[in-house]
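Letter by letter, the chains look like this.
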Amino acid sequence: MNVSNLLDYLTVFVLAILLGFEVISKVPATLHTPLMSGTNSIHGIVLVGAIGLAAGADNPLSAALAFVAMAFAGANVVGGYWVTDRMLQMFKRRPVPTTDKADR
Amino acid sequence: MNAIDVGYLVQLSFIVGAALFVVGLHQMNSPATARQGNRLSAAGMVIAVSAEVLWVTQTGVGLGNWLVIIGGLALGGGLGLRTARTVAMTSMPQLVSLFNAVGGGAAALLAFNDFISLGGHRVLAGGAPGLDGWRTFFIVADIVIGSVTFTGSLIASAKLMGRIRGQPILLPGGRILSWLVVVCSLSVAIVLILAGAGIVTYDVGVLNVLLIVALACALAFGVLMVLPIGGADMPVVISLLNAFTGTAVSMAGFVVGNVMLIVAGALVGASGAILTRLMANAMNRSIANIIVGGFGVAEGTQASMTGVDGTVREVSVDDAAIQLAYASKVVIVPGYGLAVAQAQHGVRELADLLEARGIDVSYAIHPVAGRMPGHMNVLLAEANVPYPQLKEMDDINPEFERTDVALVVGANDVTNPAARADRSSPIFGMPILDVDKARSIIVVKRSMGRGYAGIDNPLYVNPKTGMFFADAKKGLQELIAAVKAL
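Those protein sequence lines, which keep their order, are chains A and B. Sequential numbering from 325 applies to the first sequence in the working numbering. Sequential numbering from 1108 applies to the second sequence in the working numbering.
Keep in mind the hints are simulated off the structure, nothing from the lab. Using N, Cα and C, we set each Cβ at its ideal position, and we do this for glycine too. There's no promise every hint is true.
To be verified - Computed spacing ranges between beta-carbons, pair by pair:
1) B/V1311 <-> A/E346: 23 to 33 Å
2) A/D382 <-> B/G1536: 36 to 46 Å
3) A/F345 <-> B/F1535: 22 to 32 Å
4) A/D382 <-> B/I1306: 21 to 31 Å
5) A/L342 <-> B/R1553: 45 to 55 Å
6) A/V327 <-> B/A1126: 26 to 36 Å
7) B/I1283 <-> A/D382: 42 to 52 Å
Stated by the list, open to error - Below, computed lysine-lysine pairings styled on DSS-like, alpha-carbon distance capped at 30 Å:
8) B/K1571 <-> A/K416
9) B/K1591 <-> A/K416
10) B/K1581 <-> B/K1544
Start from the sequences, fold in the hints, and give me the full structure.
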């Protein structure tokens, strides 16, 4: 890691944190659980790193580590987005009162 | 296309992916657009992952490596999908914890592999560029933070699932042990960084052993940190671990030289940090105080009986129903007890009945009403409560004065007026829902038992308050029947 790389990365890191604060402080408390599970899926981006690791693995140890990392990150991404979507579709302005009127 | 063109395309795809993450998060600012936001974010993920696959294809991937990639993804993705489809909404906190664990774990694995397979050899080769001080710094930071997140989140999840006791668990000498592993982990980390910078020189074998020591200490610290924390403090713990995971992923980005990981990790870190602060403020406790442990453990918070005299007025189900049915504005105050009793649907059914009578009904949600930030909102949304009726604390508090009946179900400490008035109260200063300002109050409660904080609630002896002693679910069913009969 040379100095110019390091400075580039740090610049991106600091700006992304500030951007994160800016965007996320506008999320209402109502949505904090979906927000958390949504950001959870975003940190599943570690999958990209895991693919790189798996592709370059040239010994059994690396391959094993890569396999576990792939499985972890895969669960994180797929499960995270799916469950967030499942939650968000429950938030309705005015639920259609058809189905549960019937069983009263 | 030659490799350079593909390289540009991949980099561009990462920028698109990162932009979609930000836009997606931005759209989370309203329930109306949030679902689309999440899908944009997912699209960003698909683009980034496809780009990475395209990139590694360029470099030539062996069959075995493809098997690792596809097998790992299929296994993890399949398990993740199955869990996501079936998990109950009450179990969201433990699922989010598990996702924190795997995210942090994956980030730590990346750095660990990087060190083992590249780092050590290059140091031995005489401090070649590749493992310098900075790189080692990020590797070690990633491993330490990722490992703490991994075990800490697993423990948090096990506590929430009830696999281990939710109450604070204090090991003999646990605090000293915690300090020992922290000191050990940090000092080993410093040695490793010095070695990476070429200031001290060790054999590769020694370096690898040192790295494993740092890893083991960090794993142990995750366990020791979360074990003594009580169930009701989980909103803070989960948020904090979420911030850790984000940071670990960012560090992994520095290690493998991928800006996309840095951006995504930083966004998550910021989100976790904001939520941690909000939750800690809502409990009026500092983050340090929660992590070091105190509330749930301290015997000193034994009931201060001061200022709580007066008689409890019990109200019958019919009287309560009449009060509700002839009100013009009702505010429902749900607490975690409601979720425990699985009474969300009952509360919504009652609200529907009242609304059909032309009554204005809304819900007052305290930030720590559930086991993670915003948890109660999801539970009520699942029971088909329309989201415009879900009011945050600051929005609903001024409305209590104009409220005819405040119906408290399964909430206790977050309604305790002692937090506002009684300086000697252990929860003094904690922001509460101003339920006592309503014209009348009905509390559905199983008994006069104390809340989590173990203190008396003067609300219950307020002359305006009627206590309706019942289990949340059964009590609501009785109320519904009584309102229908009117």
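Structure-based check of all given hints:
Our hint of 23 to 33 Å for B/V1311 and A/E346 is violated, since their Cβ atoms are close to 44 Å apart. Restraint check, A/D382 to B/G1536: a C-beta distance of roughly 58 Å breaks the suggested window 36 to 46 Å. For A/F345 paired with B/F1535, a C-beta distance near 30 Å keeps the hint of 22 to 32 Å intact. Separated by about 30 Å at the C-beta atoms, A/D382 and B/I1306 satisfy the suggested range of 21 to 31 Å.
Under the hint 45 to 55 Å, the C-beta atoms of A/L342 and B/R1553, about 47 Å apart, fit the expected range. In this structure, A/V327 and B/A1126 meet the distance hint of 26 to 36 Å, their C-beta atoms being roughly 27 Å apart. Our hint of 42 to 52 Å for B/I1283 and A/D382 holds, since their Cβ atoms are close to 43 Å apart. For the suggested pair B/K1571 and A/K416, the alpha carbons sit about 34 Å apart, so the restraint of at most 30 Å is broken.
Our distance criterion of 30 Å between C-alpha atoms is met by B/K1591 and A/K416, whose separation comes to about 26 Å. Simply put, B/K1581 and B/K1544 have alpha-carbon atoms about 27 Å apart, close enough for the 30 Å limit, and the pair holds.
Comparing the model with each earlier hint shows violations of hints 1, 2 and 8; every other hint is respected.
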